[in-house]
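Please model the complete structure; the sequences and the hints are all you need to start from.
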Amino acid sequence: MSKRSADDKIERYKAKIRKLEEKQYRKRVRIIDSSDSEEKSDNEPQTIEDAAAPADLPVGEIVEDVTSDHADPEQGPIATPELDPDILLALGEASEDTPQYGEKIHDNLARLWLPILRKGLDKEAKQKLMKQFLIPNNCSLLHAPKLNPEISAFASEATRSKDKRVDAVQQQLGLGITALNKGLSLLLEPDHDKVQAIKYLSDSSRLLCDLHFIETEARKKFVTPGLDRSFLSVIQGVDRDEMLFGSKLPEKIKASKAIEKQGLQIKKVTAAAPKATSSTSSQPSTSNYRGRPQGNWNYPSRYPSARGGRGAPRRTAPAGRPAGRPAALQPQSKPSYQSNRQRAPTHQQ
Numbered sequence: 001m002s003k004r005s006a007d008d009k010i011e012r013y014k015a016k017i018r019k020l021e022e023k024q025y026r027k028r029v030r031i032i033d034s035s036d037s038e039e040k041s042d043n044e045p046q047t048i049e050d051a052a053a054p055a056d057l058p059v060g061e062i063v064e065d066v067t068s069d070h071a072d073p074e075q076g077p078i079a080t081p082e083l084d085p086d087i088l089l090a091l092g093e094a095s096e097d098t099p100q101y102g103e104k105i106h107d108n109l110a111r112l113w114l115p116i117l118r119k120g121l122d123k124e125a126k127q128k129l130m131k132q133f134l135i136p137n138n139c140s141l142l143h144a145p146k147l148n149p150e151i152s153a154f155a156s157e158a159t160r161s162k163d164k165r166v167d168a169v170q171q172q173l174g175l176g177i178t179a180l181n182k183g184l185s186l187l188l189e190p191d192h193d194k195v196q197a198i199k200y201l202s203d204s205s206r207l208l209c210d211l212h213f214i215e216t217e218a219r220k221k222f223v224t225p226g227l228d229r230s231f232l233s234v235i236q237g238v239d240r241d242e243m244l245f246g247s248k249l250p251e252k253i254k255a256s257k258a259i260e261k262q263g264l265q266i267k268k269v270t271a272a273a274p275k276a277t278s279s280t281s282s283q284p285s286t287s288n289y290r291g292r293p294q295g296n297w298n299y300p301s302r303y304p305s306a307r308g309g310r311g312a313p314r315r316t317a318p319a320g321r322p323a324g325r326p327a328a329l330q331p332q333s334k335p336s337y338q339s340n341r342q343r344a345p346t347h348q349q
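This note's numbering numbers the first residue of the sequence shown as 1 and each following residue consecutively.
Simulated from the structure, these hints should not be mistaken for laboratory data. Possibly wrong hints are sitting among the right ones.
With beta-carbon atoms standing in for the labels, derived distance ranges [claimed, not checked]:
1) 114 <-> 227: 43 to 53 Å
2) 212 <-> 248: 34 to 44 Å
3) 155 <-> 112: 35 to 45 Å
With a straight-line cut-off of 25 Å between C-alpha atoms, the simulated DSS-like cross-links for lysine-lysine are [what the hints assert, rightly or not]:
4) 220 <-> 126
5) 252 <-> 119
6) 131 <-> 199
7) 128 <-> 194
8) 220 <-> 254
All C-beta atoms in this analysis are idealised placements derived from N, C-alpha and C, irrespective of residue type, glycine included.
Have a look at this one:
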């Protein structure tokens, strides 16, 4: 770099520094009127004289400074006018996506029902509980109705299977209502046993909560046939909450995709490794490869070699014979002794 170009750069940087200093100085310097005119300043705008800009500054920078000093303040959000109450009443109430919950139940009760709603009752405990109650004689319609034999004979296997599932659900629902009414009947008696009534009500709640769990699992089975098989492993064994497959399903999908991507990378590395092995891997295995028979083995010919047919050894063609024509099809000259040889006379019987 020449000395002249270095000096030019230094001068240019000095000019920029002077401009910045003058710009900062103009922002600080203000000439305010004397204190005697302060009373007039309430009605008249205060005069502010900026320092004169040097002649070497361009006009664009002066305009930029003025606009930056007198910039309009940020405008706040525009208030939306409220509608008339009659109009709001005509529009109707707003519907909310989130469910509305009522008052809390006792904490001990909530701790009893929540595990059943998530996992259901144990199979043995459920059967033991259902055997304790029978449908009352004076309310026999609580028993699940059976399918008519005439209809069952013409129904498909899938239809009968669905009806069997609904029949089991109805039967459990009837037993839950039966346990509930036994507790209520006990409370209606004058000398009632409070503890026994609470036990009936608790058994009824257990059956109904388990029924709630059964229907949750049924909904999952309705949805899963339309999903991809690789996605089923993600939702398998997921406990429900406010959502059918859990509210943390998006995070599980992302984690599954990341694991799948890493698995593909590992799979590519292991697949490329056998290619770098020795040449012995390219040889066929002895279990599936049947090599050529050893020794003087040859397949038997269809025609005897003495007749000169297709079974005879292949003869080499003479030099004047066309190369493309097989040797067996070329005209062959018979030996002279065969032409002079007489045939044996044929004897007629």
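Which hint numbers doesn't this structure obey?
1, 2
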